[in-house]
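Chains as they are written, first to last, in this note's numbering: chain A, 1 to 318; chain B, 319 to 768; chain C, 769 to 1064.
Derived from the structure by calculation, the hints contain no laboratory data. Here the structure is a predicted model, which is why all the values come from computation and not from measurement. Even glycine gets a Cβ: it sits at the ideal position worked out from N, Cα and C. Keep in mind that the hints are not guaranteed to be accurate.
What the hints assert, rightly or not - With the C-beta cut set under 8 Å, the calculated list includes, among others, these residues of chain A facing chain C:
1) I124
2) G125
3) P135
4) I138
5) A139
6) V141
7) I142
8) F155
9) A216
10) P228
11) W231
12) V303
13) V305
What the hints assert, rightly or not - Here are the computed distance ranges between Cβ atoms for each label pair:
14) A:D78 - C:R889: 38 to 44 Å
15) C:S832 - A:N174: 37 to 43 Å
16) C:I804 - A:G85: 23 to 29 Å
17) B:D560 - A:I41: 27 to 33 Å
18) C:R967 - A:F74: 33 to 39 Å
19) B:K377 - C:I804: 30 to 36 Å
20) C:Y828 - B:D641: 56 to 62 Å
21) C:S832 - A:Q91: 46 to 52 Å
22) A:S121 - B:E583: 23 to 29 Å
23) A:Q91 - C:D893: 30 to 36 Å
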Amino acid sequence: MTTQTPKAPATTPEQPSPAATRPLPQVPNWRRKLRPYLLSIPALVIVIGILYPFALGAYYAFLNYAAVNPNPHFVWFDNFKSVLGDQIFWQSVKVTLLFAVIATTVETVIGVGLALLLNRSSLIGRVFEKVLILPLMIAPVIAGVMWKLMFNPQFGILNHVLGLGNTFDWLSANHALWSVILVDLWIFTPFVAILVLAGIRSLPKEPFEASQVDGASWFYMFRKLMLPMLWPYILVAVIFRFMDNLKVFDHIYVLTAGGPGVATRTLQIGAFEDSIINLNYSRGSTYMLLLWILVFITARYLVSVLGKAQRRAAGAES
Amino acid sequence: MSEGSTGPRMSRRNMLAAMGLAGAAEVGGGFDWRKASGSTINILQTPHPYQLSYQPLLKEFTELTGINVNVDLVPEADYFTKLNTELAGGTGKHDAFMLGAYFIWQYGPPGWIEDLNPWLENSSATSAEYDFDDIFEGLRASTRWDFTLGAPLGTGGQWAIPWGFENNVVAYNKAYFDRRGITKLPDNFDDFVQLAVDLTDRSENRYGIATRGSKSWATIHPGFMTQYVREGAVDYTFDGTDLVAEMASDKAVDFTKKWIQMQHEAGPTSWTTYDYPNATGDLGDGTAMMVYDADSATYPKNKPGASKEAGNLGWYAGPAGPDGNYKTNLWTWSWAMSANSRNKLAAWLFIQWATGKESMNKAVQGGTYADPVRASVFNTTFKRIAADQFGYLEAFETVIGDSKIQFTPQKAFFDTTQNWAVALQDIYGGDDAAGRLRSLAKTNTSKVNL
Amino acid sequence: MAVKVFKTSRGELAPGQKRLSFGSAAADLGLIFWFIFSLFPIFWMLMLALKNAEEQTTTYFSFSPTWSNFATVLSNKGTEMTSVDFKASLLTSLLNCGGAVIVSLVIGIPAAYAAGRWQYRGSNDLMFQMLSFRFAPELMVIVPLFVIYNQIGLFDTKVGMIWVLQLVTMPLVVWILRSYFQDLPEDLEQAALLDGYTRKRAFLMVALPIVRPGIAAAALLAFIFAWNNYVFPLILTDSNAGTVTVAITKFLGGGGQAYYNLTAAAAIIAALPPLILALTIQRYLVRGLSFGAVKA
C-alpha cells in the first residue's frame, strides 16, 4: 500500500493518472455484490418497524370499529362502499387535489425563481438568504393561528395595511381555498428554494464555462444546461411538497376547520372528522387508506418522472 | 361476531376486571380524607379559567389527603383528540379528567367512564359534608343519562360531577348603550335583531352582535340553541322508537333564517371562522356591541386590564321567547373518572375535593371563575364577588330555573351537530334555508338512529 | 482559457451567475417583493409578542411594547399556566429532534449512498418504501401507534419520539442525499481507491465532503420538520417527552380567553434553536463545492 498524503477532493481536474490503469484492489465478488444490501439493512429494519402500525391502521378500515361499537367485527368493504358513495368524500378529493396541485406548482415556480435569483450572489441576495428560512421556523399549526389573526376583517393587519376595509373576508366560501394556499406557500416556498439552491450550488462548473466560451446566452444556458441538471433536485422538492400537500391538515384546520361548508375540507380533515369528532375510527381509517392510495399512485408517477429526469441530467453533464 | 379480540381496548379491560380493581363497593370503614394517602393520580385538563383558578389550590389537596397530583394540560383545540385517543386506547393513564357534558354521550356507551353514583352513595368514600344536592339541579340532571335512545337526561348513571358551568346569555357594551341612550333591552327576538342592526356601522368598524359561526358543533350550542328553544323549536322528537330530526320544522326554519340574516346585517364579517375567543374577544375590543354566548367567558373580560372595554360591560338574560320563557342551554365542565383507572379511590377523593364547597369558595374569590355549580357558593361568595358586574347576577337568576342541556341526548351528537353548523354556514353562503335544513334533518334522522 | 468571466473582488462566478446591471436590478426587486411578503408576518408576530392583553387585538402598529410576555413564557407563571416548563420542553425538543436527525443520518446516508452509487436490484423499491413513510397520513398511524407504544413502554419517552420522528426525517434525508450521491462522479473515488484507500475511507474522505451541502440541507430541513411536528408529540407524549411545539399551543388559553401575545412570544422563542442551527449550517449550504469532474 502506498502512503501518500490524502489529496484534497474536488480541486482542479487532473489528467487521469497512470495509476488509473492499474487494476483495483481485489475484493471477493460476493462481498462486493452484498455491500449495498448490507448498507441498507438498518434502513430496511426501520421500514418494517413502521409498517406494523400502518398495517394495523389500515386493518381498521375493514372493521366497524367505532366508539359506539367497541366490539368490532370484520365488515369487508362496507366502509369503502359507504365512503366512495358519499358525495362529500368526492368533494374532499376535489379540494385536496386542487389544493395540492396549485400550491405545489406555485411553490415550485417561486422557489426555483428564488433560488436562481439568490444564486446571483448580489448584496441583497446574500442578506436575504440568511432569512429565507424564517417562515419554515414557525410550525404550521402556529402559522395557522397567526394568519387567522392577520386575516380577521375586524382587527386583522392585512385588511388594514392593504386598505381592504373591514368587509373583506379572506376566509369566505369563495376565498377560503385561495387564502389557505397563500398560507401554505408562505410557509413552504423556502423549502423548495433551499433545496434547489443547494442543488444549483453543487452543479459542476465546466459545462457552463464551456458554453460561455461558445458565447451562449443566459437563457440558452439555463434551458439547455441548468434546467436539465437541476430537474432531479427540483423534482425531489416537488415530490415532497406534493405528498405533504395531499395530506395537508395542520394549518388548514386551524384556519377554517375545513369550512365554510366543505370549501376547504381536505381528505385528512375529513378523516379527522370521522375518527376524532365522530369517533368512527373505521370510517376514518377508510378515508385515510384511500388518501394513502392516492398519494402512493401520484408518488409512483412522480418518481418515475424523476428517474427520467436524472438520466437526462446525466446526459447533459457529459 | 368476534368477542372483542380485534378492539385494542378489550383485552386490557378484561384484565383489569380480572384484577378486581377497587370499585366503589370495596371501600369500607369511615370516611377519611387520608384514606388513599401516599398514592399518585394523573389528571388531564385543558387551559381554562377554571383550571387556572384551581392551579394554586392543588397543593392544598395534597396536604389534605396525602395524594400527589400530576397535571397534564392539553390545548383546548386538541383536548378531545387526545382524550379520545387515550380512552379508546384503554390505557387508563389519567385517573380523572375534565369533561364537557355532551361527551358523556360519546364516552359513556363504550364504558370508558366510571359511574360515580356508587361512589356518591358510599358514605365511606364520600364525606357527610359533601352535599351533592347543593349543586344546581339542572347540572346534576345534565350529567346523568341511561344511554337509551329517546330517554331524557336525568336518569341513569352519574357520569361526571359538574365543576363549573356557563349560562348562555347576552353580554353587551353598557357604556356604549348609555352613550346612545339605549335603556330598554329587547325582550323578544325581533326587537333584538333590530337593535343589533341599529348598532352596526361598518364604517366605524362596529357591529351589533357577535356569535360563533365556525365549522364546529360548538357553533350551535351557545346562543343559537338557547334562542332556538326559546322560540319554541326542538332538535329531535321521539316517536316511541326513533328520534326524528326537527331542524326543518316551521319554527326552526323561521328562526334559522332570522339568525343567519342577523349575521349578515349585524354580525362579524368573517362569521364562518368565528370561534369562542373570537366572539367574546370582539366584545372586549369594543368592536362588537353584544355577544350571545357563555356568561363565564365575558365575565373575566370586565376585569381591569383584561380587555380594552374592561369595566364597560353589562349582562342581561337576552330576548325571551314569544311566550316569555327564558329556556337556556348550559355548558358544564365536569370531572369524570376513567373506568380503567388504577387509583379510583384517590381519583374520587380528588373529584370530591375539587367540586366541594371549600375549594370552590376559594376559587371563586380569584375573580375569574364563573359560574360556580353550587347554590351555596353562588349565594354567598359569588354574589359578593360579582356584585359589581352590571346585570350579571340578575341574568343568572332569570335563567337558572330553566337552564339545562336543551339538546336531546343522543350518541351521534357531534356528528349531527357539526352537520347542523355546516348547514348554517351553507345558508349563510346563500343556500335556501328551508331546503338545506330539510336535507340536514333527513341526514341527521338517519344518523341518530343507527 | 479565454473566458470572459468578470472577476471582481466578490470572487468567481458559479454556474448560472451573471452580472448584468439592469437584470440585476429587476431581480433584486423581485427578491425584495418576496421578502416583504415573507418577513412581514414574522415582523407582525414579533409586534404581537410585545403587546399586552388589552392591545393584542386592538392595535396595529402603535402600542406600548412590553417584554412581559417573554418573561411569562419562560417563568414559573408560564409553568403554572401550562403545566409544562417551557425551557425544559425546549431541551426535550432538541434531544428528540437532534436525536431523530442523527439516527436518520447514520442509517440514511449509507442507504442513500448504496442506492445512489450502485443502482442495485431492489434499490429503487427500497427507496420508494422509505419515501412511502411520508405517504401515511399521520392520523392513520396515530391510534395504533398510541396503543403499541403503550404496550411496549415507549409512550411518553424520548426514544419513542425519536423512532416515530423517523417517519418525518428519514425520507427527507435519504431522498435528498440520493440525488447528491447519484451525481457523485465515480472517478474521484476510484482515484482514492487506487491510491490505496479502503472503500470506507474513500467514502469518508472523498464522497462525504463533496455531498456536504446536501447533508447540510437534508439535516437542516429534517430537523425543522421534526421540530415543527405537532400531531405525534401531542398524542404520543404527556409531560416527559413533550416537545416545544405542543407547549406553545398550551399558551393559547381556553374558555373563551385567548392569549395570542403569549403564544406569539412562545413561538418566537421556540423558533430560535432551529434558526441558530440554520445560521450555523449556512456556510455549508453557501459554499459551492463544484467538483471538477474527471470525465472518462
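Hint status (Cβ of V141 of chain A to nearest Cβ of chain C, threshold 8 Å): holds (5 Å)
S832 of chain C versus Q91 of chain A beta-carbon gap, inside 46 to 52 Å or not: holds (47 Å)
Consistency of beta-carbon spacing, R889 of chain C to D78 of chain A, with hint 38 to 44 Å: holds (40 Å)
Hint check for F74 of chain A and R967 of chain C - Cβ pair distance inside 33 to 39 Å: violated (51 Å)
Closest C-beta approach of W231 of chain A to chain C relative to 8 Å, hint status: Violated, about 10 Å.
Chain C contact restraint for P135 of chain A - C-beta distance below 8 Å: holds (6 Å)
Cut-off 8 Å, beta-carbon criterion: hint that I124 of chain A touches chain C: holds (5 Å)
Chain C contact restraint on F155 of chain A - CB to CB distance below 8 Å: holds (5 Å)
Consistency of beta-carbon spacing, E583 of chain B to S121 of chain A, with hint 23 to 29 Å: violated (57 Å)
A139 of chain A as chain C interface residue, shortest Cβ-Cβ below 8 Å: Status holds, d = 4 Å.
Restraint satisfaction for V305 of chain A [CB to CB of chain C, less than 8 Å]: violated (13 Å)
Agreement of hint P228 of chain A with chain C interface, Cβ distance less than 8 Å: violated (12 Å)
Checked against the numbered hints listed earlier, the structure breaks hints 9, 10, 11, 13, 16, 17, 18, 19, 20, 22; every other hint is satisfied.
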